[in-house]
Amino acid sequence: MCGIIGVIDRSREPMDGTAIRRALSMMNERGSGEGAGYVVYGCYPEFRDYFALHVFFDNIHETKPRVDELLHQWGRVVHDEEIPTWDLPRLRKVHTPWRYFFRPDTRLMPRSTTPAEEIVTELVMRINTSVEGALVFSSGRNLGVFKAAGWPEEVADFYRIEEYEGHCWLAHNRYPTNTPGWWGGAHPFNLLDWSVVHNGEITSYGTNRRYIESFGYRCTMFTDTEVVAYLVDLLVRRHDLPEELAVTALAPPFWDEIDAMEDDRRRLHRALRLTYGSAMMNGPFAIVVANQESMVAFTDRSKLRPLVGAEHGDRLYVSSEEAAIRAMDPGITRVFMPRAGEPIVGRVVA
Amino acid sequence: MDEVVIDAAGMHYTPLNREIRAAVAAGARRIRLENVLGQRFIANGVRGDVEILVHGVPGGDLGMFMSGPRIEVFGNAEHAPGNTMDGGEIVIHGSAGDAVGHSMRGGRIFVEGAIGYRGGIHMKEYEKKRPVLVIGESARAFLGEYMAGGTVLVLARHGGPAVAERGLGSGIHGGEIILRGGIDPVHLGVGASQVALSDDDWARVLALVREYARRFGIDPAPLERREEYTRVVPASARPFAGKYAWE
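Read top to bottom, the protein sequences are chains R and D. This note's numbering numbers the first residue of the first sequence as 1391 and each following residue consecutively. This note's numbering numbers the first residue of the second sequence as -5 and each following residue consecutively.
These are computed hints drawn from the structure, not numbers from a lab. Just so you know, these numbers come straight off a predicted model, no measurement behind them. We put the CB at the ideal spot given by N, CA and C, even for glycine. Some hints could be false.
What the hints assert, rightly or not - Which residues of chain D face chain R? A few of them, derived with a C-beta cut under 7 Å, are:
{"no.": "1", "residue": "Gly32"}
{"no.": "2", "residue": "Phe35"}
{"no.": "3", "residue": "Leu47"}
{"no.": "4", "residue": "Asp92"}
{"no.": "5", "residue": "Gly110"}
Stated by the list, open to error - Label pairs and their computed distance ranges (CB to CB):
{"no.": "6", "chain 1": "D", "residue 1": "Val180", "chain 2": "R", "residue 2": "Val1467", "range": "54 to 60 Å"}
{"no.": "7", "chain 1": "R", "residue 1": "Asp1653", "chain 2": "D", "residue 2": "Phe234", "range": "31 to 37 Å"}
{"no.": "8", "chain 1": "D", "residue 1": "Val180", "chain 2": "R", "residue 2": "Asn1672", "range": "32 to 38 Å"}
{"no.": "9", "chain 1": "D", "residue 1": "His49", "chain 2": "R", "residue 2": "Ser1401", "range": "30 to 36 Å"}
{"no.": "10", "chain 1": "R", "residue 1": "Ala1650", "chain 2": "D", "residue 2": "Ala197", "range": "49 to 55 Å"}
{"no.": "11", "chain 1": "R", "residue 1": "His1469", "chain 2": "D", "residue 2": "Ala158", "range": "53 to 59 Å"}
{"no.": "12", "chain 1": "R", "residue 1": "Ser1604", "chain 2": "D", "residue 2": "Ala158", "range": "25 to 31 Å"}
{"no.": "13", "chain 1": "R", "residue 1": "Asp1653", "chain 2": "D", "residue 2": "Ile212", "range": "41 to 47 Å"}
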């Protein structure tokens, strides 16, 4: 059981972190104080063209030079600093969160159609698997993940979350079940532009992990959600599927439902299931994924985890609980529950 | 002390429930909760003859294990209102989330609007204790899953089907699900079968329709056409008899 909430402003009006901090703490019952986190899109406008790499360092003096060296080998760091935090009595700072603003040298990846993204993905995988004591947990442009082991309001205060502004936010309150609670295991999970928060468990993790690792991704965070971030990156960025179809591939209808469809739809759904059988996720889940342009929320096809949506003008909200949305925005005008396996999609229009 | 008013703004459910219990113990006949937002377990396990008015959106498991009180919610409810409720009544002027009336063993729930997935899951009955769940609009998949007793009634007042998703009465082995407007048989779950209403069934349904109409102040007449209703009951008392053990 975890608590999730997300909001996107379709006209890109920025929101600070005050309201989502309040909403997430309303769902403290869904967590255990062992992990919480936030991602905000649009928070680094002054560095919008650079990849913002957020890294947990166990030890600045020994580990950081190795990461610096890799980054300088693959591009240019325009600015780096420790992520500003407040000392809190109940949150032990076991890692030092650091951020780099990085521009990859695309000449080093000549045959790729997305060379900058390829270099950053490669760097994230390489640092996370080979540099002990360093973990890159956020790697997109003009966005930042802020997460730690603690209660929602503690993690928010630690990172001074109210000082960030952006047009899209996701937040997560973790109740670790199958794997230990630690800073890297807190949500959101991020790769490049995509971030994921997730309530539930992916019982097909083994299959999904083998599948995604065959495309060069490496799972390093000891938890199932990580695989969702990589699957979305693979299906949407690399395979160019529209988001709705990607969700259908990850949480497809049952075969008996596919068999009852009209010809064209049936052929499409069969093809998706046959092509992406190993990407299909089983088990109970509610998931929200976001990038700069959109936010997509969906549940498993048996609806074993809660998910509600709401709207207020240009703002689209999704959450485990309606009350959390109302805590963020008492003026919501429409509350709705999506069908199992069918996505709620919000896209920016501006 | 007839009426007690509690301002629940920003309050955690533990002190809130403590105040509710104290008011009941002191003999309050009516407790009005103002500014409720997300507090779980409201009136959890409360016994006695008292009316609890909830203004706002309460959190999950409203009235869990409750025996006796009458709760009226002026707002939507979240997951599992009436979870394992023993007696009393919950009236919701709005919609409700998943697993409404989860494992309910007595009392009544009236939801003005729609409910989410797995409504009435594992409702049960024993001798004179027969729980009732009435839904004004529609219910999602797996309504009455593993149901062992009681009555679920869906009135489809919104004009669409009462249930348009899979697994209706999946694993049902007691009780009944009554739907206005019928259903597509493909949505029937394993072990559920559709039958016509007897005169006794109709008398029971009609009484519930009128109770619903009285609670929400509507005219019951459009809901009183017997031919519109269908009844879903267990195909057998042991739907999965052959599933895990072969005799």
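Are D/Val180 and R/Val1467 spaced within 54 to 60 Å by their CB atoms?
-> holds, 59 Å
Return holds or violated for the Cβ distance of R/Asp1653 and D/Ile212 against the range 41 to 47 Å.
-> holds, 43 Å
Close enough to count: is the Cβ of D/Gly32 nearer than 7 Å to one in chain R?
-> holds, 3 Å
Have a go at the D/Leu47 hint: is there a Cβ in chain R nearer than 7 Å to its own Cβ?
-> violated, 18 Å
Look at the Cβ atoms of D/Val180 and R/Asn1672 and judge whether their distance stays inside 32 to 38 Å.
-> violated, 23 Å
For the hint on D/Gly110, does the least C-beta distance to chain R fall short of 7 Å?
-> holds, 5 Å
So does R/Asp1653 sit 31 to 37 Å from D/Phe234, Cβ to Cβ?
-> Since R/Asp1653 and D/Phe234 have Cβ atoms about 35 Å apart, the given range 31 to 37 Å holds.
Cβ-Cβ distance between R/His1469 and D/Ala158: within 53 to 59 Å?
-> holds, 54 Å
Mind checking the CB of D/Asp92 against every CB in chain R and telling me if the closest is under 7 Å?
-> D/Asp92 check passes; min Cβ-Cβ to chain R is 6 Å, inside 7 Å.
With 49 to 55 Å as the target window, see if R/Ala1650 and D/Ala197 comply at their CB atoms.
-> violated, 37 Å
Is it true that the C-beta distance of R/Ser1604 to D/Ala158 lies inside 25 to 31 Å, as the hint says?
-> Violated, since R/Ser1604 and D/Ala158 (Cβ atoms, about 39 Å apart) do not stay within the stated range.
Identify whether the interface hint at D/Phe35 stands, where standing means a beta carbon of chain R within less than 7 Å of its own.
-> violated, 9 Å
The earlier numbered hints that this structure contradicts are 2, 3, 8, 10, 12.
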